[in-house]
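S.K.: Residue numbers for the sequence shown, in the working numbering: 17 to 248.
The set of hints was computed from the structure by calculation and includes no laboratory data.
Predicted, not measured: the structure shown is a model, and the values here were computed from it.
It cannot be assumed that every hint is accurate.
As the list claims (entries may be wrong) - Using 25 Å as the maximum straight-line C-alpha spacing, the simulated SDA-like pairs for lysine to any residue come out as follows: (1) K211 - K128; (2) K176 - A131; (3) K165 - D132; (4) K165 - E138; (5) K112 - Q179; (6) K84 - S229; (7) K211 - L224; (8) K196 - R101; (9) K86 - A210; (10) K112 - S206; (11) K196 - A131; (12) K117 - D180; (13) K165 - L184; (14) K86 - I209; (15) K196 - R123; (16) K128 - N167; (17) K135 - N172; (18) K196 - V185; (19) K112 - G126; (20) K84 - D215; (21) K117 - A104; (22) K84 - L224; (23) K196 - E207; (24) K165 - Q142; (25) K86 - E96; (26) K211 - A221; (27) K117 - A187; (28) K211 - L201; (29) K117 - T103.
Said to hold, decoys possible - Restraint ranges, calculated between C-beta atoms of paired labels, are given here: (30) L235 - E195: 55 to 61 Å; (31) Q102 - A131: 38 to 44 Å; (32) E87 - A113: 37 to 43 Å; (33) R242 - T103: 55 to 61 Å; (34) A181 - Q217: 50 to 56 Å; (35) E127 - T89: 54 to 60 Å; (36) E116 - L224: 49 to 55 Å; (37) S229 - Q102: 39 to 45 Å; (38) A161 - N182: 27 to 33 Å; (39) A131 - R92: 55 to 61 Å.
Heads up, the beta-carbon is just placed ideally off N, CA and C, and yes, glycines get one too.
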Amino acid sequence: MLNNPQGSQGNNDLQTAQNAIAILIDQISKARGVGRTIVIDKNWLNNQLSALQNSLPAAVHQAQAVLKEKETTLSRAQQEAEMQRQTAADDAQRLKAQAEKEAAAARAEGEKARADAQKDAEAAKQEAERIRAGAASQANADARAIIDKANNEARNIIYKAQQDANRLVQADAIRQQAEKEAETLRSQASEDIAKRQADCQQYIAGQLANLDSYMTQMLQNVRNARSQVRGQ
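Hey, can you work out the whole structure from these sequences and the hints?
M.R.: What follows is the structure, encoded as structure tokens:
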């Protein structure tokens with residue numbers, strides 16, 4: 017509720033004038049033995065009508081102040097919701113970028129490991145072929161040992177490459193999870209924005225409806241008072 021001295025004073029003047037006119041009308045309606053024409057103090061009546069007229073701008077000013085306050089509340093809620101949405105989007109982007117960076121590093125490491133494995137295997141194979149071609153029986157035995165060693169090393173290298181590939185799969189799963197969490201954050205932020213906007217609009221609509229009812233009743237009271245005075 018706004019603290020508006022001018023609006024409060026206008027409401028007090030309006031209420032005072034309405035009360036005075038209501039008392040006068042009640043007394044006239046209960047008077048017995050009085051004709052259709054009665055004597056009313058002109059200055060008093062003018063003062064009451066002036067108070068009614070002067071109270072209207074104050075009431076309108078108060079209504080505008082209430083509407084402005086609600087618009088400010090709606091704007092603040094929208095700004096807060098937008099900040100939350102932007103924060104969620106930034107967090108999602110950061111998680112996605114981090115996951116992509118880790119996945120790229122794992123892929124690069126896996127590619128390097130596979131290339132090194134192929135290079136070492138090819139070198140070992142060439143060495144084995146050279147020894148086998150130019151050596152005797154002992155050389156052949158040595159060559160077989162070298163070949164076995166090369167095969168073992170190749171198997172170890174391939175096993176390591178397979179582990180690296182598994183890390184790539186895990187990195188991709190992390191990226192997918194990050195994207196899923198980011199989508200959840202964006203969805204929650206959108207729902208929060210919609211709820212805040214709906215609450216603010218509902219509150220403003222209720223306040224405006226109350227204000228419209230108050231203004232309608234006030235104007236009807238003025239018309240009734242004037243009709244009573246003119247009919248006397």
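S.K.: Tell me, in ascending order, the numbers of any earlier hints that this structure violates.
M.R.: 1, 11, 13
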